[in-house]
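Chains as they are written, first to last, in the numbering used here: chain F, 25 to 192; chain Y, 294 to 497.
Everything labelled a hint here was simulated from the structure, so no lab data went into it.
Please note that the accuracy of each hint is not assured.
Claimed, not checked - No farther apart than 25 Å at their CA atoms in a straight line, the calculated lysine to aspartate or glutamate pairs in the DMTMM-like style are these: (1) F:K26 to Y:E492; (2) Y:K375 to F:D70; (3) F:K26 to Y:E329; (4) Y:K353 to F:D70; (5) Y:K385 to F:D54; (6) Y:K367 to F:D73; (7) F:K26 to Y:E370; (8) Y:K367 to F:E78; (9) F:K26 to Y:D364; (10) Y:K367 to F:D70.
Stated by the list, open to error - Some chain Y residues flagged as far from chain F (calculated, every beta-carbon gap over 12 Å): (11) L369; (12) S371; (13) E441.
For every residue, glycine included, the Cβ atom is placed at its ideal position computed from N, Cα and C.
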Amino acid sequence: MKQPFETVVALHGATVLRVCRSLLGIHDADDAWSETFLAAMRAYPDLPDTANVEAWLVTIARRKAIDVHRSAKRDPLPVDELPDAPTTLGIPGANDTDLWEAVGRLPEKQRRSITFRYLAGMSYAEIAAILGGTVDAARRASADGLKNLRRTYPGAQGQSELAKGARS
Amino acid sequence: MNEIRDDDAITALAAPIAPDALAELHRRLEAAAQSEGLIDVAYRVIDSPIGRLLLASTPKGLVRVAFANEDHDKVLESLAVKLSPRILRAPKQLDAAARELDEYFEHRRRTFDLALDLSLSKGFRQLVQRHLPDIGYGQTRSYKEMAEMVGNPKAVRAVGTACATNPLPVVVPCHRVLRTDGSLGGYIGGLDAKTALLELEKAA
């Protein structure tokens with residue numbers, strides 16, 4: 025049975041925004057987010073009931089991010105307003121921020137592999153295409169990054185949070 | 294994609310996602326989905342003297358009013374199955390319905406002037422539901438009288454079922470149908486809600 029689309033937005037909105045931000049930066053992420061959920065809503069009735077909805081959304085988000093990225097390159101737009109500074113007050117649903125900060129402290133190659141693999145759900149082949157090097161190297165960087173995180177990130181939870189993203 | 298700077302990516306990752314940001318994105322999605330005709334069912338939840346009410350509409354009109362005791366999540370899931378899974382919380386689409394209900398609860402409105410979509414009921418039930426608004430504000434009818442009104446005097450039980458399965462309670466006034474002896478009969482929203490509505494209309 026298919027959930028109301030609103031439930032899909034509520035469950036995966038934050039994840040999709042993180043994916044868009046990781047691929048585009050904060051400024052262009054909103055457009056990609058909107059395009060992603062519009063496209064998803066259009067196609068939703070035809071999505072098989074057994075589909076992994078999050079993986080499906082991430083796939084669309086990556087495609088939309090590429091579109092936004094391309095069009096931004098064609099017509100560079102000046103930013104007329106600085107974005108609001110994010111609040112640091114307790115924000116529900118944002119408690120994995122620490123985890124991503126820990127990811128941010130990893131050596132560059134590991135950090136990028138982890139980001140692309142677990143947040144954007146890319147295959148190692150795709151990651152290798154971006155990072156350069158072989159597919160095996162990308163896989164190894166990702167595994168090393170995970171090992172590092174297990175050592176440095178307080179709380180074993182982090183591992184399962186990352187693993188959730190890896191279902192795709 | 295090769296040109297994405299991963300410093301940006303990491304900054305973006307570590308930035309907390311404020312609930313406000315998601316709320317704003319949701320509003321944008323509502324507007325865009327509406328203008329592209331993608332919302333098959335729009336809904337919002339309002340507060341009322343008889344508890345929180347879920348209001349849902351299709352492009353044809355108001356399709357469902359649900360009491361809190363019906364479990365709004367379950368109601369939405371069933372709308373996804375019966376109508377379409379393209380369901381979005383889009384409060385603006387229900388401004389008129391919310392306003393008219395407010396007016397009704399504040400004794401400022403006696404009849405609803407809203408387009409209705411009765412597609413959730415069929416046949417005899419829908420026929421009965423179409424005729425329920427014929428019972429005027431502040432009046433009541435018995436299940437038996439209602440059966441006579443729709444030209445099927447023997448269908449008293451079926452009238453009871455039609456009232457019990459009314460997808461648009463309050464707006465389609467099944468609360469105005471009582472037992473022949475004047476006792477309440479049943480009500481989807483619970484007997485307290487039925488009593489409250491009858492009292493409200495009496496007090497006006």
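Each hint tested on the structure:
| no. | hint | in the structure |
| --- | --- | --- |
| 1 | F:K26 to Y:E492 | violated, 40 Å |
| 2 | Y:K375 to F:D70 | holds, 15 Å |
| 3 | F:K26 to Y:E329 | holds, 22 Å |
| 4 | Y:K353 to F:D70 | holds, 23 Å |
| 5 | Y:K385 to F:D54 | holds, 21 Å |
| 6 | Y:K367 to F:D73 | holds, 18 Å |
| 7 | F:K26 to Y:E370 | holds, 8 Å |
| 8 | Y:K367 to F:E78 | holds, 22 Å |
| 9 | F:K26 to Y:D364 | holds, 17 Å |
| 10 | Y:K367 to F:D70 | holds, 22 Å |
| 11 | L369 | violated, 5 Å |
| 12 | S371 | violated, 10 Å |
| 13 | E441 | holds, 40 Å |
Against the hints set out earlier in the document, violations occur for numbers 1, 11 and 12.
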